[in-house]
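S.K.: Here's the letter readout for the chains.
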Amino acid sequence: MSDLIRLEYRNVTMRFVEQSGKSLTAVQQVSLKVTDGEVVSLIGPSGCGKSTLLNIGSGLYAPSEGEAIVDGERVEGPNAHVAFMLQKDLLLPWRTIAENVQFGVEIQGIPLPERQKRAKTLLDNLNLGEFANHYPHQLSGGMRQRVALARTLAVDPTVLLLDEPFSAVDAQTRIVLQRELAQTLRRAGKTALLITHDLLEAVTLSDRVLVMSRRPGRIIDELMIDLPRRDDPIARRQDPKVNQYVARLMDRLDIGHTPIEQPGAVA
Amino acid sequence: MNGPNQAMARGAAFSVAVLVVFLAAWQWGPGLLGIPTFIVPPLSTVANEFVRMLSRNALMFHTGVTAAEVIAGFILGSLLGAFFGYMLGMSPTAEFALSPYILALQIAPKVAFAPLFIMWMGFTVYPKILVAILIVFFPVMVNVLTAIRTVDPDLINLARAFKATRAQIFWKIEFPASLPPLFAGLRIGSTLAVVGVVVGELVGGNMGLGYLLAFGEGQANTPMVFVTILMLTLVGGVAYLGVILIETRVLHYLPKRALAGF
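Those protein sequence lines, which keep their order, are chains A and U. Per the working numbering, residue 177 is the first one in the first sequence, and the count goes up by one each step. Per the working numbering, residue 3 is the first one in the second sequence, and the count goes up by one each step.
Hints listed in this document are in silico derivations from the structure and should not be mistaken for laboratory results. Where hints are given, some of them may not hold.
Using 20 Å as the maximum straight-line C-alpha spacing, the simulated EDC-like pairs for lysine to aspartate or glutamate come out as follows [said to hold, decoys possible]:
1) A/209 <-> A/397
2) U/165 <-> A/247
3) U/165 <-> A/252
4) A/264 <-> U/156
5) A/198 <-> A/247
6) U/165 <-> A/249
7) A/209 <-> A/249
8) A/296 <-> A/332
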């Protein structure tokens, strides 16, 4: 990890005009920096504007105030430095798995042999090589989400924006996918901003966790995760310090006061 | 794993049984129930009339004329419907401006235009084709329009995030996403095309199965009307089957499903 800043939000405020004509502030004065190779999680209550920040970073929305900067360039629209991945896999049912992985690079006009090579390498790395010629409906939810990850990586972005990428898969698959993501991010040296509701996921996958407030969303806390082995979230889960981090996050999110499931309980 | 195959075999056997029972009921039912043959002619009478019409009434010629009109009307109506569906789907302004007129035209019974078209174009094949075009147009257009409207906005955003141009978004996402509903519209259109053509032929002209219907009615020749209805069903069935054949090729990526409605 270096001091090179890959992704930065400077005083970003986002206001939407509702149908009633009322102005609604989704995000207020958010500033944050993510350095090269760093994985930062963003947690916060529903509707606090986390996804809005992600859309601003990927250039799909222009902020009302402030700016987003990727690789030293102000984000003026979609750009090749950033790729995003959502909770939905967004695979195209009429394309094979290999063709889905190539979707982004195809749009960017990369020649076919190079596209096919990248897709093959990525699919092999994610243990999906034998499914290259299958169609999405033939794969399980977890496999489809891995294909979505491969599609995101195929465009070779410097920054990955991940919006609850694993919230739609079952708990066991999620743990496996988390490890794959962690290993892939480490191997490729990618920088990532991860939005999640899962506090344990935030702690085990990240170098740093940012906590957002209720709407209008502001950043109210920052937590450095001082744990070894960011590329192995399963090993990290065993670490007793994880519970302390989760407890602190629960406290900051004001959710510790009602009885809920103990998120730190792992086998 | 022969469960589904067994189910299909059982279904096919039942289907054949239904056909046999139906044909038997047609042949002997009217006689048993005392229904006069000029109301419901038995199967054998209709079969004899079919053979007679082949030589005496140029049945195949009239069938060919109707089939050609159906194909022309169906293809042109589908192309126009798809074209307007995509145009309106991609331009909310155009849809907003035109939707009341489209709705009005959709509510108007299309076959009622047949006399008008015949007054305009005479006793030719063109008014028949035009009615078919008009009647095929709407289901195809509405299906395509709805398909374009309901494409997942996140998919569009995904493509935009990869810096896709408007044309790329259309050809790589919107167009392929619209194909299943387009084919659903084409299926409906293929059967409606027959309705449009027959009404046109009934109203005026001396060619086609619709003309034979009117001719048979004028002569109180019930078997002739029956034969003509069967031929019309055949024309519609072949058109529908053609659409399904193309559909299963184009939409080969969809999960295997029973050919619904077939």
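S.K.: Against each hint, give a clear statement of whether it holds in the structure.
M.R.: Taking the hints in turn, this is what the structure says about them:
no. : hint            : verdict
1   : A/209 <-> A/397 : holds (14 Å)
2   : U/165 <-> A/247 : holds (17 Å)
3   : U/165 <-> A/252 : holds (12 Å)
4   : A/264 <-> U/156 : holds (9 Å)
5   : A/198 <-> A/247 : violated (35 Å)
6   : U/165 <-> A/249 : holds (16 Å)
7   : A/209 <-> A/249 : holds (14 Å)
8   : A/296 <-> A/332 : holds (14 Å)
Figure legend: structure checked against the earlier numbered hints; the only hint not met is number 5.
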